[in-house]
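Could you build all of it, start to finish, from the sequences and the hints given here?
Which chain is which? The protein sequence lines are G and B, in order. Per the numbering used here, the first sequence starts with residue 1, numbered consecutively. Per the numbering used here, the second sequence starts with residue 1, numbered consecutively.
Just so you know, the hints here were simulated from the structure itself, not pulled from any lab data. The C-beta atom is built at its ideal place from N, Cα and C for all residues, glycine as well. There could be a bad hint or two in this list.
In silico contact screen, one side only, chain B against chain G (beta carbon under 7 Å); selected entries [unchecked claim]:
id, residue
1, G43
2, P44
3, L46
4, K103
5, L104
6, Q108
Just a sample of chain G residues kept apart from chain B, beta carbon distances all over 10 Å, derived [stated by the list, open to error]:
id, residue
7, K11
8, V12
9, G16
10, V19
11, L21
12, D24
13, S27
14, N52
15, P61
16, R64
17, R69
18, T70
19, G72
20, T78
21, Q80
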Amino acid sequence: GAGVSQSPSNKVTEKGKDVELRCDPISGHTALYWYRQSLGQGLEFLIYFQGNSAPDKSGLPSDRFSAERTGGSVSTLTIQRTQQEDSAVYLCASSFGGGKNTEAFFGQGTRLTVV
Amino acid sequence: GENVEQHPSTLSVQEGDSAVIKCTYSDSASNYFPWYKQELGKGPQLIIDIRSNVGEKKDQRIAVTLNKTAKHFSLHITETQPEDSAVYFCAARANAGGTSYGKLTFGQGTILTVHP
Numbered sequence: 001g002a003g004v005s006q007s008p009s010n011k012v013t014e015k016g017k018d019v020e021l022r023c024d025p026i027s028g029h030t031a032l033y034w035y036r037q038s039l040g041q042g043l044e045f046l047i048y049f050q051g052n053s054a055p056d057k058s059g060l061p062s063d064r065f066s067a068e069r070t071g072g073s074v075s076t077l078t079i080q081r082t083q084q085e086d087s088a089v090y091l092c093a094s095s096f097g098g099g100k101n102t103e104a105f106f107g108q109g110t111r112l113t114v115v
Numbered sequence: 001g002e003n004v005e006q007h008p009s010t011l012s013v014q015e016g017d018s019a020v021i022k023c024t025y026s027d028s029a030s031n032y033f034p035w036y037k038q039e040l041g042k043g044p045q046l047i048i049d050i051r052s053n054v055g056e057k058k059d060q061r062i063a064v065t066l067n068k069t070a071k072h073f074s075l076h077i078t079e080t081q082p083e084d085s086a087v088y089f090c091a092a093r094a095n096a097g098g099t100s101y102g103k104l105t106f107g108q109g110t111i112l113t114v115h116p
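Below is the structure:
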């Protein structure tokens, strides 16, 4: 597609369940970012993938959070044993290489609600 | 790692007035500074960016200034219109060799409201 695509757009899950959020970056983009945005808050960095380098996982809030990027393209963010405080909008962005000063394009986000 | 502070958190102006949002950053290796606009229910969109080799950049009613010595940069919107109402985020990123290589670090955001 023309832009960054995230699915699902909305997800309601019960506390304790696992969820998977998907991000399809723009074709050819080697850098991919996940951010979390709680209601009325800023953008909290979660994880960053750049080409074949080891991902920067320094923003993951707990070991319940993990992410992978298969084949350098699609990424999946997994949250295990969801808690109510995990409720937020999860945003994915991609760009041409983290080493270049290029624009990062964001998807529309996945709104996660844990009940 | 990089730390970006953004002020003010909320800004209310009358249509036609100017709006200024300021950001400071901590990592001297940062050399790319984008500004994003986020409308309700949408992902952030880039509106303007500046690189460390220039001090100012302008695009119609929007301008950004950068002071590398003081490690701060600002967004200026002139002749504001109601459709400028949104949340604005600044960000900073280091190029190769920086302590936060390639990673965009965002400010906390500014809610701008332009009253007709």
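Structure-based check of each hint:
1. G43: Holds, because the Cβ-Cβ distance from G43/B to chain G comes to roughly 3 Å (cut-off 7 Å).
2. P44: 5 Å, holds
3. L46: Hint on L46/B: holds, closest Cβ of chain G at ~5 Å, below 7 Å.
4. K103: 5 Å, holds
5. L104: 6 Å, holds
6. Q108: Hint on Q108/B: holds, closest Cβ of chain G at ~4 Å, below 7 Å.
7. K11: Correct as stated: the minimum Cβ-Cβ distance to chain B is 15 Å, above 10 Å.
8. V12: The claim stands: V12/G keeps its Cβ more than 10 Å from every Cβ of chain B (closest is about 17 Å).
9. G16: 28 Å, holds
10. V19: Holds: least Cβ distance 19 Å, greater than 10 Å.
11. L21: 14 Å, holds
12. D24: The assertion about D24/G holds, with a minimum of 14 Å to chain B.
13. S27: Fine: 18 Å to the nearest Cβ keeps S27/G off the interface.
14. N52: 13 Å, holds
15. P61: Per Cβ check, P61/G is outside 10 Å of chain B; nearest 16 Å; holds.
16. R64: 22 Å, holds
17. R69: Non-interface label on R69/G holds, nearest chain B Cβ at 14 Å vs cutoff 10 Å.
18. T70: Since the minimum Cβ distance to chain B is about 20 Å, T70/G lies beyond 10 Å and the statement holds.
19. G72: 15 Å, holds
20. T78: The assertion about T78/G holds, with a minimum of 21 Å to chain B.
21. Q80: Per Cβ check, Q80/G is outside 10 Å of chain B; nearest 24 Å; holds.
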